[in-house]
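Residue strings, one per chain:
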Amino acid sequence: MKKPRILIVDDELSVRTSLREWFLEDGFDVTTAEDGLDALRRLDEGPFDLMIVDLKMPGMDGISLQRRVREIDPSATIIILTAFASVETAVEALKMGAFDYVTKPVDPDELSHTVRKALERKHLTEENLRLREKVSELAGGGPILGDSPAMRHVLELVETVAETDASVVIRGESGTGKELVARAIHAASPRRFFPLVAVNCGAIPETLLESELFGHEKGAFTGAHYRRKGKLELAHGGTLFLDEIGEIPAKMQVDLLRALETHRFTRLGGSQELESDFRLVCATNRDLEALVRDGEFREDLYYRIHVFGIDVPPLRERPEDIPILAEHFVRKYAHQMGRPVRELSPEAEELLRRYEWPGNVRELENAIERAMVIGQANRIRPEDLPLRETPESGQPADRSLEALEKEHVARVLRQESGNVSAAARVLGIDRGTLYNKMKKYGIRQG
Amino acid sequence: MSAEVLLAFLNGYRPAWQEELRLRVGRILAHPVRTAPLSIDLRDFHAPERAQFHATLLLAELLRHLPEGGGRIVGITDVDLYIPVLTFVFGQAQLSGPAAVVSVMRLHNEYYGLPGDETLLLERAVKEVVHELGHGLGLVHCPDYACVMSSSTSVEDVDLKAGEFCPACRDLLADRPAVPS
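Chains as they are written, first to last, in the numbering used here: chain A, -17 to 428; chain B, 30 to 210.
Please note that the accuracy of each hint is not assured.
So the derived label-pair ranges between C-beta atoms look like this [stated by the list, open to error]:
1. B:124 <-> A:23: 23 to 31 Å
2. A:19 <-> B:167: 44 to 52 Å
3. A:19 <-> B:141: 55 to 63 Å
4. B:89 <-> A:23: 51 to 59 Å
5. B:167 <-> A:145: 33 to 41 Å
6. A:253 <-> B:138: 50 to 58 Å
7. B:134 <-> A:11: 48 to 56 Å
8. A:145 <-> B:141: 39 to 47 Å
Because the hints were derived from the structure by calculation, they are not lab data. This one's a predicted model, so the numbers in the text were calculated from it and none came from an experiment. Every residue gets a Cβ at the ideal spot worked out from N, C-alpha and C, and that includes glycine.
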């Protein structure tokens, strides 16, 4: 088990030495600093589980140091060390977020108890975060994928690969349920008790993607007011799911390759190398091999991520899954909306079966959700289902080109669940142009 | 002369149970243990304002009295010990080092206003001496409350633990010599 790291900050050598010996015997990895600036330098070298900070020090005192530390890492756990005369200042430190304070000389029992409590709270806070991730992850995706022979084959592949730590690329059209497959791999893997951290590389503007993946230090760029952990760091112990991997910009592919190969990386604006143990699962609706041939995707990155491939068939190739999925979504939205479960009329079922589903399972889910919202009868009827119209139908001839464009852009974005890259491809324009149009028409991504 | 563990009784402290302590520590460590009196000038380590003695400085002095031919030394004293920042310590050792010191002052029942109990005092002394020797052998505090290497910050903690190493600590000790070569 990894030793907890403790930083002792005190200007008195004898105090530093005594506490160092004391905590070494307690099994800590101990670092000492003689003043505030020295402490900040030590913090640059890596995070600590606990800091013990003397209140009165020449130069930067304990309160100022605490303020600086909390600017960098708001979750830092600090115990203030003070002489009896400064208890009022210690109370001020508590108000500013110190875990507790102890007065010098401190009873060993009290010090031991305070440190134990501080570490327990830190552990519980971290555990709480992990559980929240886990709950949102479990609540986020249903397990229903389908029961057709094609999907049963996919599930067999999931079972085969889940036990290993091999990188997986899930291929399939937009909306086929690639993320559900990724979640199924994670749920069946030995890493299932740790988070699955998903990043949609196509939905995040290029400028923010690097920070999203690797995290950033305070001040790394304008607006970086706090240190922020990246998704690679958050996926420690679990699975990192990179959706739309084909959208990773060329200059980031190098950094990503290095991080995937070594599992080591540096936060944006930082110098400290971090380590994260994660299993990688990627998804794409693009032909990665063609991208490699065209020089848009690095070959070495392709081979790094593509140890095992799973193809998720489009919904039109497995129509027998449509009723099962439709019933699943009806139950899901009935539960969410607090409404009774409604049956599909035979005509609606027939319509669903005949439809081509260009937006795949996502389009089916959206259609059912809308039908559950607007439908009034006990049964879902064909007219409740918002299936795509042909380009010629239903458009009045007196509307401006801009109005039509605005409506079309918004519709395609909705259809692609806010995925800008996917929407840009459907529209036949690049992402930058689409962002400009979204800004012009005031269309939101989500 | 072969390497050994020396229990050095400091400045005239000669409890009746020192031979029993020697035998029991030797049995637990499975290594020869010897006792001897040792006189040290403690004046330099005295903090009059606290009426205590600085354990770390005393430890440094003990390093000058290691047994000939190598080995370990545990100073045993009846004066109260402290390290700066803490109100007191029962003892102190160099982690993975050859010297340790144990104070019996706060191991006496009388210190807590209770009737004296020499048997209990011996039990406590055995645990503290073995505990500090464990640190000397590189062991850190053990989460098993019954293990002699569990942390004791009160005499009640000392009474709660056994005088023996738990299986996990014993495994860690298996590859380490009881005395440095």
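Structure-based check of each hint:
no.: 1; hint: B:124 <-> A:23: 23 to 31 Å; result: holds (25 Å)
no.: 2; hint: A:19 <-> B:167: 44 to 52 Å; result: violated (34 Å)
no.: 3; hint: A:19 <-> B:141: 55 to 63 Å; result: violated (45 Å)
no.: 4; hint: B:89 <-> A:23: 51 to 59 Å; result: violated (29 Å)
no.: 5; hint: B:167 <-> A:145: 33 to 41 Å; result: holds (38 Å)
no.: 6; hint: A:253 <-> B:138: 50 to 58 Å; result: holds (57 Å)
no.: 7; hint: B:134 <-> A:11: 48 to 56 Å; result: violated (32 Å)
no.: 8; hint: A:145 <-> B:141: 39 to 47 Å; result: violated (59 Å)
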